[in-house]
Structures are given as structure tokens and as C-alpha cells.
Amino acid sequence: MQGMIWGIMAIGVYITFKVLDIADLTVDGSITTGAYVCVVMYSNGASLGVSILCAFLVGALTGLVTAIFHTFMGIPAILAGILTQLILYSINLQTIGKSKATYTFPWGSSLWIVPEDKLQSIIILAAFVACIIGALYWFFGTEFGSGVRATGCNPRMAKAQGINVNFNKVFGLMLSNGLVALSGALLAQYQGSAEINMGRGAIVIGLAAVIIGTAAVSWIPKYGKNFAMQLFGVVLGGIIYYLVLNIVIFLGLPTVYLKMLSALVVGLFLGIPYVRKKYSFSKILKKWGFVKKSVLVDEVAAKGIVNAAEEDAPVMVVEAPVVVDESHKKANPFDEKPIDDAAHRIEKNASKDGGEV
Amino acid sequence: MLILNDIYKTFNKGTVNEKKALNGIDLVLNDGDFVTVIGGNGAGKSTLMNIVAGTYTPDKGEVIIDGVNVTEMPEHKRAKYLGRVFQDPIMGTAAGMQIDENLALAARRGKRRFLKPGITKKERLEYKELLKILDLGLENRMSTKVELLSGGQRQSLTLLMATLQKPKLLLLDEHTAALDPKTAKKVLELTDQIVKDNSLTTLMITHNMQDAIKYGNRLIMLSDGKIVLDIRGEEKAKLTVPDLLKLFGQKTGEEMASDKLLLS
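Chains as they are written, first to last, in this note's numbering: chain G, 1 to 357; chain D, 358 to 621.
Isolated chain D (complex conformation):
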């Protein structure tokens, strides 16, 4: 589904701030893989995500989604393959627009936008049913502007928008990091449910090792822009947080700021 071929990305090349964010990433995601990505700060997790999404173009290497080489494809064109949820709840929705309008925008992802109505009555009814899944009461407030929603509600809505049109690949960039623990848990459970129901291929960055172990069928760890660990299936199911911390220490040769990862 997704093939990353020897990806390199350096920021501020040739200056004192030069930062090698990605250092030869090779990754193949199979259909239906739910991969969690962990790694310390500056390991390259978000850069990886942005390379896949097209926000950045790699210095070297190829990005192939569903058999199409999208390395040079601009972000908005590539969007037809991707569903995205950002870390910041504000990023994923248009705040000044209504809930149903946001959904309608998402429903037209990857399609040409002409002068047909932006939202139809039929769609409104469909969205009402869909919003019921979230169990947040949003189905009764469809003409509310999104800016009035809380962070958790917004992330749930963004998640729904990202999967409204089944994406080839779902990208979740620490999408629960800005939420309080209780809401984060709810959103994650919702994520898991949606991913399973639609058997979506998913790439999820998380700071929380427990979540990284609990969800998905495969776990990769990044360090210094390289994939240092790739565990899947049975092996991953048996993994515990102490194991993971130990592995991290071995792979990176440094003591993990474990409490930060555990608590955040």
C-alpha cells in the first residue's frame, strides 16, 4: 500500500542549524497494516509523516502509495489517497464553517470541485447517521460552527472526515497528544474501531508507549531518522512497556527519558 524507498531529508542544509531529519528510511506497509510509530523528540516521526503527506518533498528517495509514485505530487493532489488527523485539534477542521459543511468538504476529497451544490439534503441525512457513531450529540448540532467544539469533539470529527471517503492510507500524527487523558482514550478507541471496521491501512505516531503496544499489528521505532525497530504480529502482542524501554536503550545507546514517554 505504502512504499518508502530510501528516503533522506535534511533541513537547513549547509547552515549551522542543519538537521538530518530522515536518514535512509525504507518501509513497506501491507494492506490493512495498522502501524504505530514511536521515537524520541527529533527522531523524525513527524517529518516522516509529512513526507508521506506531501508537505515536504524528500531530498532523495521515493514515496509510492497504492502503486503510484507520488514523490513529486503536490499535497492537495495527493490528498485523494490520504486521510489525515493532525496533532493540533485546530488544524484538521475549518473553524468558521459548520460541522456538516466540514464533512461535505471531506466527502469531496480528491474529487474535482465545480459549481454543484456544496452540500445536499441527502448528504445531511447521511452525516447525521454518521455523527451518531461518535456518540457526542453532534448529530443534533450539525449547523454549529466547528470553532465552538472542544478539542476532543474536533478530533473525533476530523477522524470521521478523514475516513468519510475510505482513504488508501490513514495518517495519524499524535492525534491525541493535545487531549486530556480521558478524552484521548475515547478518541483512540474510536480510532481503533473505525480502522478495524474499514480495515484501513494506518500509520499512527504516538508518544505513549502503552498505546503503541496496545493498538495496531505492527510497531516501528525511529531514532535519528532511521527505523531501528520493526516488530509485528505475535511478537508485538507479547511486548510490554519495560521491554520496549530496554529495546530503546539498546537500539539508540542512550537512556530513554522514560517517564516522559510514559506519562505524556
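For reference, chain G alone in the conformation it holds in the complex:
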């Protein structure tokens, strides 16, 4: 159940991390904010539905803050996220007042998600997940949504096609943090309270769920790369992650180490493709002199994906596109990223120049 809640949060992370290609650290703060908004509003007499909706809206506002830092003030996204996260820490404490870190739902509240009634909670959560995936699938298929995807893929191209890149980033960050705050509201119900440290490390959990989930569904032939399927995978990733954590605890790992474990796992998964490319087994062998150095092989290795793309392209015409997809997925990001980044820098310089005028 908690895994599903994490899954919803992970969908939010997916929007920034995968679709917009931004690492947004606001998440750690916005999930807590969402929880507080929900608890405080409900305790003051608002209905639960309204409280959850407000959590979403306030979450979107936190995204807006990060977005303003990032787009209009040119602060790198990671730093912008950290700034907002800190701002939110203060605001969260302020909401409940008197530096009391925990805010509990009043006695006798009838919540939607309660650990005691598993069936009801799961049905409601499943409904949330289905609605969110459905809505996002529809949205990213629209003209506007396609523009948001293009913004993440290649901002320069997006601009050349008349897409307002900054606006789309703002929108994406708002949507993402709205969903994260929504998951915070649900999490608060599950826990019966909102607590100032509940969001610590949320981004890492979200990333883990995204990585595990997208990898899990990519195996499915034909539909594995489908957007809705990927989102579903992300939720699945949240659940898998939760199960794994519990198994690890069951096996006797002291809970103090849990966050460390999460971080290491995510670090490992994020690093593997790069490490594999840079220090491939054959290269190490060569370096140590087990294999004769051949200039040709080196050249081919250096050119990497460009060649691969040209060679593979004709072969894959109609049949089995998935197989080809796989091979490229591994190599592609790291061949193309540096170029994209370079372009990014050029762009930044450009805007700087523009600003000075």
C-alpha cells in the first residue's frame, strides 16, 4: 500500500527526471508540504477530498517556486530544488506552529486510506493511480503535452519549432510537484499524521522507483516502451521497492541503514551505464595488455553510437523494434548527452549575452 503511494510520488519524479530531464530536489519538501496541507485543512473542518485537492494545488505552487528560480533566475535546477526544499522546511514548521514536528489527524477521523482497512485503501489508491496515469497519458499526447516532451528531449529544437521552453518547464515542475504533494497527502492518511522529516530522501525513493519500474516493464515486448506502460511500471517500481525494503528489514538490517541502502542502490543504478561504457571489460583487458591494441577497434569504440545507429538502422525496419531499442537504450544517453549539454551551455551563454545588452 505504501508502495503504491510511493508509486504516485514516483510518477511525479518521472515527469521531471525522465520527461523534462531535470533532477528536481523540491520533492523532499513538497511531499511533506502536501501531507501538512491535507492534515491541517482536514483538522480545521475541510472535507478530505478538498484537503487532498488543496495539497495538490499547494504542491504545484512549490513547483512554481522552483521553476521561477530555475527558468527566470537561471539557477541550476538541482540548486533551485534545494532552495525550495529549505524554504518549505520553514514553511512546514510554521504551518503547525510552535516547532511541534508532528501533526496528527484528529481522533475519529474517517480517512480514505487507513492501514486497518486494506481492501478499501487499495481500491482507492488503485483508482487514484488509474486516474493519474490515464490523465497523463492523454495529456502528453496532446499538442501541448508533446511540446513538453520535446522541451525535455531537445530544448533547442523545441525553440526552433516555436515551443515556449521556459513555460513548459514551469508547467512540468508544477505538475510534478502537485502529484508529489498529492502522494504526501495520501501518505499522511496512511501514517495518521504528518511529520516534518517524512520527506527526507523522498527523491531517492522516487528515483529508485522510476529506475526499477521502467527497467521492469521495458522487458515486455511491444508495449514496454509505451508511455502509459512506463507510468504503470513506475508505480510498480514503487511497490517493488517497498517490498524489497521490507524484506531487507525482515532479514535483519537495522532500519538506520535504510536510507543509506536506498542511496547506494540508486547511485549504483544511475552509474552503471556510464561505468560500463567507460571501463568496459574488453578495454580493461587491453589496458593490461591481454589483448593486442588495434587502432581500428579503438576507433569504432570511440565513435560508438553514431556507427551503431547507422548499422542497425536498415536491419530493424519492421520486425522486432524492441530488441533494437534495448541495445540503443544502453548506449545512447551517454553518447548524446554531452552534445546536448554543450548545446545547453551555448544556449546559456547566449542568453547571458542577450541579458547584458
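Worth flagging that the hints you see were computed from the coordinates, not collected in a lab. Hints may be right or wrong, so weigh each one.
Straight-line distance between alpha carbons at most 25 Å, and here's what the computed SDA-like set of lysine to any residue pairs gives [as the list claims (entries may be wrong)]: (1) K222(G) - N497(D); (2) K571(D) - E531(D); (3) K523(D) - E592(D); (4) K479(D) - F227(G); (5) K468(D) - T142(G); (6) K434(D) - D21(G); (7) K18(G) - A452(D); (8) K417(D) - N398(D); (9) K18(G) - M499(D); (10) K18(G) - P474(D); (11) K225(G) - G453(D); (12) K259(G) - P273(G); (13) K377(D) - G418(D); (14) K473(D) - V129(G); (15) K18(G) - F167(G); (16) K434(D) - E143(G); (17) K479(D) - T142(G); (18) K278(G) - G267(G); (19) K553(D) - D388(D); (20) K473(D) - G141(G); (21) K542(D) - K583(D); (22) K417(D) - N374(D); (23) K473(D) - K278(G); (24) K553(D) - Q567(D); (25) K593(D) - Q550(D); (26) K489(D) - D445(D); (27) K479(D) - V129(G); (28) K542(D) - E496(D); (29) K485(D) - E143(G); (30) K222(G) - K542(D); (31) K473(D) - V170(G); (32) K523(D) - L547(D); (33) K525(D) - E143(G); (34) K473(D) - K485(D); (35) K225(G) - S500(D); (36) K608(D) - I360(D); (37) K525(D) - N164(G).
Following the hints, complete the assembly by docking chain D onto the known chain G.
For chain D alone, kept in the frame of chain G given last:
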């Protein structure tokens, strides 16, 4: 169609790295002009292109496209007048999106994007026909992600995207420089065909003097941020590479690194 009025642009002003990229550019492109732009490294070719596209704003001067003063207009708004193909094949397309999705993005250039479907069935059929022109077999792979295409295929696709909605001005920034000679030739021929079929006003930067002479009806040469040569029509048709090299030497007072220009 395009009027550049006394354009100046300096980078890193006031530092040791100060670089005067454009030094008073005056240029008028007529409807249907296909202009090739040549010049040595650092002559200001790409800066000129970026000023027109809106990536940079000039320090001084005006950019007028189709009678509209766009000097201060941001890049994404200006895009409705322009079709662009970049030097780097990766720049012109969204790699993680499908071929047909990329085309659909291009088809909506300059239009407001709301919550209507991003691509319709009817469009898919149209794109299929259009892709046949490229003769690369892409029409059968429309749902392939662009990241799986080769550089030449990507540039061809970008070219198609740039002209899908007839632009007021087509900007080609050394769009064949990153391709192997054979592919480059194919892409250039395709460019020429598309430009002629749609009688597009075109500005094409090239490093290759032969191409600069072969294509287009007008040739301009940049040096130190100034237009030092502007040849058109008959005169251009008669031009040869040695002529051009000689002219370059006269205009800039320096010996051209001719083999580099010829071979690249």
C-alpha cells in the same frame, strides 16, 4: 523578405576575450533568393545565423523578417517565420520521440498549442507520403524513435520538418558539415529540390566553396564580421573555385587556408 540593418554583435565585451563577431552587417534578401554564405573560421557566419534566428540579440541594428521587426522577439516566437537546420544532426530533432511525432511538432510551428491531439490519423497519412520523397524508407518506420536514425537520415528529416510549414526564410547552418561526403551530397541535392519546389527564401552557410558556387543564385562572403563580397545571378554562375579563392585573398588580405575549405 529579410532585412538586416547595420547589425553589430560583440561577445564578452570589456574582457580579454572580447570578440567582435559582427561589424555592421547590411543585407537584404529578396523573395526566393537562395543565398550561400562562406567565410573563414570566426568570420561571423554562425553568429549572423543566430542573430536572424533570435538565439542572440544584436548589440545594435535591426532584423526585419517579412516586414516585421523581430529584433527583440524571443526565439520561440520568431520560429513561426523560420525553418532551421543545424550543423549537428542531433540538434534538429527530438531524439526520444517518434519520427511522426517530430513531424507533428514541426507542423505546429508558430501555432498555439492547446489540448488538441498532438497528432491525428490524417496527419500520419500525410507524413507517410511526404517521407516517401526522402527515399530513405522512413515512411515504413514512422513510429521509430529518431535516436535510432543515422546522421544523414536525421538531417533529411530535419529538412523536411523545417519546410513542412512553408517558412518565410529557411536557415541552413552548415547542415551537411557533419555528414560523410556521399550523404552530404544527397542531403544537399534534397535541399536544392525542396527549396526550388517551394521557391523558399534561403540562407545557407557552407564550408565547401564548390557547393557555395553550385547552389543558389547569390553568394556572400564574410570576413571579420563584414560582408566583403556579394555576387549574384550571371556573375555567380560563371564563378569557379580558383576565382573565389583569389577574391578571398584580395578581400581579406590574407592567404586562404584553401585546402581546408576545399576539402572539408
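Practice prompt. Go through the numbered hints given earlier and state which of them the structure violates, listing their numbers in rising order.
Written response: Violated hints (numbers, rising): 3, 21, 23, 27 and 30; every other hint is consistent with the structure.
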